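Using the supplied hints, reconstruct the complex from the two chains, each of which is provided in its own coordinate frame.
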Amino acid sequence: MAEPLLEVKDLVKHYPLTQGILFRKQVGAVKAVDGVSFGLHAGETLGIVGESGCGKSTVARMLVNLERPTAGSIAYKGEDISRLSGRALKAVRRNIQMVFQDPYTSLNPRMTVGDIIGEPYEIHPEVAPKGDRRRRVQELLDVVGLNPEYINRYPHQFSGGQRQRIGIARGLALQPEIIVADEPVSALDVSVQAQVVNLLEKLQDEFDLSYVFIAHDLSIVRHISDRVGVMYLGRVVEIGTDTEIYEHPTHPYTQALLSAVPVPDPQARAHRERIILSGDVPSPADPPSGCRFRTRCWKARDRCAAEVPLLAVPEVFPSGPAAHPSACHFAAEKRVVPHVPPEGPGGGAEQDTD
Amino acid sequence: MPDPERPEPAGYDPVGPRPKEAVSPTGQGGPMDLALDEAESVEGIEKTAGPGAGGPRERPRSLWSDAWHQLRRNPVFVISAALILFLVVISIWPQLIASGDPLQCDLAKSQQGSAPGHPFGYDTQGCDVYTRTVYGARASITVGVCATLGAALLGSALGGLAGFFGGWGDSLLSRVADIFFGIPVVLGGLVFLSVVTSTTVWPVVGFIVLLGWPQIARIARGSVITAKQNDYVQAARALGAGNARMLLRHVAPNAVAPVIVVATIALGTYIALEATLSFLGVGLRPPTVSWGIDISNAASQIRNAPHMLLWPAGALSITVLAFIMLGDAVRDALDPKLR
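As you go down the protein sequences, you meet chains A and B in turn. According to the numbering used here, the first sequence holds residues 1 to 354 in order. According to the numbering used here, the second sequence holds residues 1 to 339 in order.
Okay, chain B solo, but in the shape it has when bound (with noise of 0.2 Å):
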């Protein structure tokens, strides 16, 4: 079918003139015909046209590198691209764009507003707040990051094999999941974290992966399950194609998507979770800085001093929409037909 908003006639050939004689052998008979009139009607649906779209025409491409040209292309991936790369930069050297230290604080400020040199203002300790927010990315970004690769590996991994192969072990992994579904969030972390001395972020990602990976998992075998049903799965196992390839190749492709947009919105949870942990003081404990520990003590405070909660949440809330973003264009991406 042709694209409405493409004018040009049926044999209009965006990318320039093509060597039709040389390549097609013309000269069969009518199906052959036939079939290119047929085809014609699609041309103007090619859409990697323009100069420079990814070099010579004769190139083989595959799903990944025209999703990568999709995606340099689309302004959403670029801008939460963008978003996230600066907040990796700052949680890995934040003393680039903050001179102070966020565990220097001066009770005499508490609670004030912005000041020079201090412009998002001092929180109840009379630390500085924009110090702080940008220091808490690092232990915020680090959980959120690191539980939602855990959780997604682990679970992807487990629950597309259970999907794709079955029996018992499938039947197995669908009731230790259960189990763990079980396991109340706030309680499960109070008696686990409770017993870690550890103060560093490690314990927290662990315990969310934990948590985590049984959502993942039912997920990937759902869309599993529905993917190796297809007859291009069954096509593939004729040619002789082994496990690994049918799995690789034609299911994972065509499973990935639900577990992508699963994951995006889980890791703005899991955030919010190392917030709630560190709020009951199992999670994250000071001197290390997180958004978390911030916007648990600025809760209280909200009405003396919003400003000691609106950064550090609407930091977090940029750093969960950036993630979602960027999931949702991953997703379209790995898509032929929204392209």
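Chain A on its own, in the form it takes in the complex (with noise of 0.2 Å):
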């Protein structure tokens, strides 16, 4: 495969927890992202599942910049863009662009629609001539399917989809190659979220876009993504196209995820296995030693607390679809999602408005 457009290497984020009111001492970190590693293509689309707090979020915020990473690098077209600063950054910044989770608290309540389109170009005016600007953010309300008049209005004005079109539209308005979407759809109704899925597919095709989809609603993730990466306190556990890690999961934590998804069928849902697991999720201040999942999961064995697994194509898979990476030291292939018709994306997101 070509050279990905954006490489991510050993991305560590620890958030420092101090003591003491005049003097800080820390105490210890909050791991919230250790040691994640993944690379996105070109034209592609790349889930990242996983449920609360397993730093999927943080993820995405180093990625834009929003974070310094404590270690590790991100590269975009081969240079890392992790540790830029000032003019370079942002340069950067017009390539890499996000679409944030909550519609009713990212667009600012003060400024028009016009001007929140607008303001990447007051940014980064060499993008539009001044001149032009008025007409490229009314082509972009057009773009997202808003009606190009709404440029004077407020957000408030507008419902939870719409806003989100309108944050979208931002979000493009620099015309990047890679957007990362934090959980864009989690906030809205569940035919809103299939409309808003599908315009993020159409602007994909029209404007050759890369995505990293964060989400914890698996059945969207899948719609939308050509591969996914399962997140697990700070760690990637699994990754690999739709195809195998729905079908062909070998990780136990994407197992037991893929087995709490609903079934729509009553029928399927009667046959099909649960796995339940038991107790919380670690405190990310003090994971456990060697596998992180082993706490919660059937198979540990004393070597799951010696030995991190690495996240590596199992040994015991040479080929096939479950040949893809997963951490995980006993991995084995488990069906968990009874039967999906070939075309079929799960979920809400199979209401196709079209």
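No wet-lab data here; the hints were simulated from the structure. Predicted, not measured: the structure shown is a model, and the values here were computed from it. Misleading hints may appear alongside valid ones.
Quick look at which bits of chain A chain B covers, simulated, 3 or more residues with Cβ under 8 Å [stated by the list, open to error]:
no.	region
1	62 to 74
2	89 to 101
3	105 to 114
Just so you know, even glycine gets a beta-carbon here, dropped at the ideal spot from N, CA and C.
Laid out in structure tokens, this is it:
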């Protein structure tokens, strides 16, 4: 495969825990992200799933340089962008944009839609000459399926789905190559989720975008993603194409996660096996030794506590659909999703509005 | 959500026919049509309708121009602004409406009621209360407006920067503000102002600013911290916006409302504080004419001659009310959700 557009290597983010009011003393660290690696190719959508607190959003924020990684690198076209500042950082930001989770807080309530979508051009005046900006903003509104005449309205005059479209238009304004979408549909109604996801797919074809799509809704991720990474407690535990992950999961956590997806068919639901994990996610300030999932894993042995499993293709699967990187010492294929029709993306994303 | 007070059908356009086909390219897929339907229902909220409500529809609008349109049609703003304008004019040119001299007094007329040409009567010294009330506006308005402006600018600048950047500067400023909070107003006034020999209003203004900025700084710091945590500030940062843009375009407009409210309320308190200090003999001193001096002189005579107290006190109350109403109207106009 060609050189990835974005290559993340051993990304680490630790938030220091401090004590004391006047003289701060570091007493520990919350290991929000602890060694995450993946690549993103041009035109591809990489889905990242995982439960709350597993570090998905922190990864997203580091990708768009809202947080500085504690260690590791983020290479955009071969250049490490995680340590940039000033002019160079501003230039890179043109190419990597973000769509936020909550459309109610991601739009400034005191700016008109025109100002919100036009702001990228004010920050990067070289992208569009002054007289051209208004027209471009209206074009963007049109592209995301909003009436271009809404340019003078305020965000509160729109519904959640429309607001998210405005957020997407703002992300598109600078014609980026990569869009990092941090749970872009989690705050929306299911029917509106489908519209926004379909819009994102349409835009991907139109502008040749690459997405890093973060979500906790597995069906939405499957619908939009080419490849999927599963995160648990700051680490990627399994990564592969959507078929590899959904049909042939080899990591016990992925299997447990998939078994929790609601099945719309009551007949199939009766037959399927649910894996119920015991206990809570351990604190990221004090993660378990070795494999981080071992405290809740039914396969855990002594080796899991002593040895950190590497994210690599398990030796037991030399080839076939199960041969994809999985961070488990005892990786084994287990089919947990009952049966999915070949063209059928599950969940609400199924309702195509076209 | 459609405005319940508008019975028109959802597609009704209050502005008139729009060249819909000309601007919105149709023929897109389903999501677009759905979005249009969805949007049609918000049509009713458009409130800038009506001829002459801001020129041609095509003109780009901003928060400040919208706020101005809103203010011009708000009776509360118009009345309070007219009152304040009037007060400012008479404090600059009091002779416009008062022909007498506030310092020309006739003891023989001490505490007499209203007489032809002297509608408000006379005070203890036999001075014309109407003239003194008119002339007193200058000192009171100067103290109130200048002290509020000074405290609001200093306080919101320091508090806003501290809240936005945080770190040790924030800790330092918060502790310094605490120290100033600890100074008792009356005792501080007696100490600071008794050593000043100037008879102008400026030492009083300076003292009030010195005591008033920590209050504004605390409010500004708190609301800036709240505003900067919003996703839209992060979005601006992700776009590559600098600190100045984030502060001025995103944080400040969303943090200014509480500051305006507190500042307008403080303005009334400052005028009253000037009266208190004058009463104690350390604020403004005769021959300066001020409402504070007159109120404190009249307070002891309220049973004999209530008119001496009522007129300057009434003028003070109306002034304070006008500023509070103005602040209220401005705050509402800066919030698009209330339009």
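Checklist entry - Failing hints, ascending? => result Violated hints: none; all satisfied.
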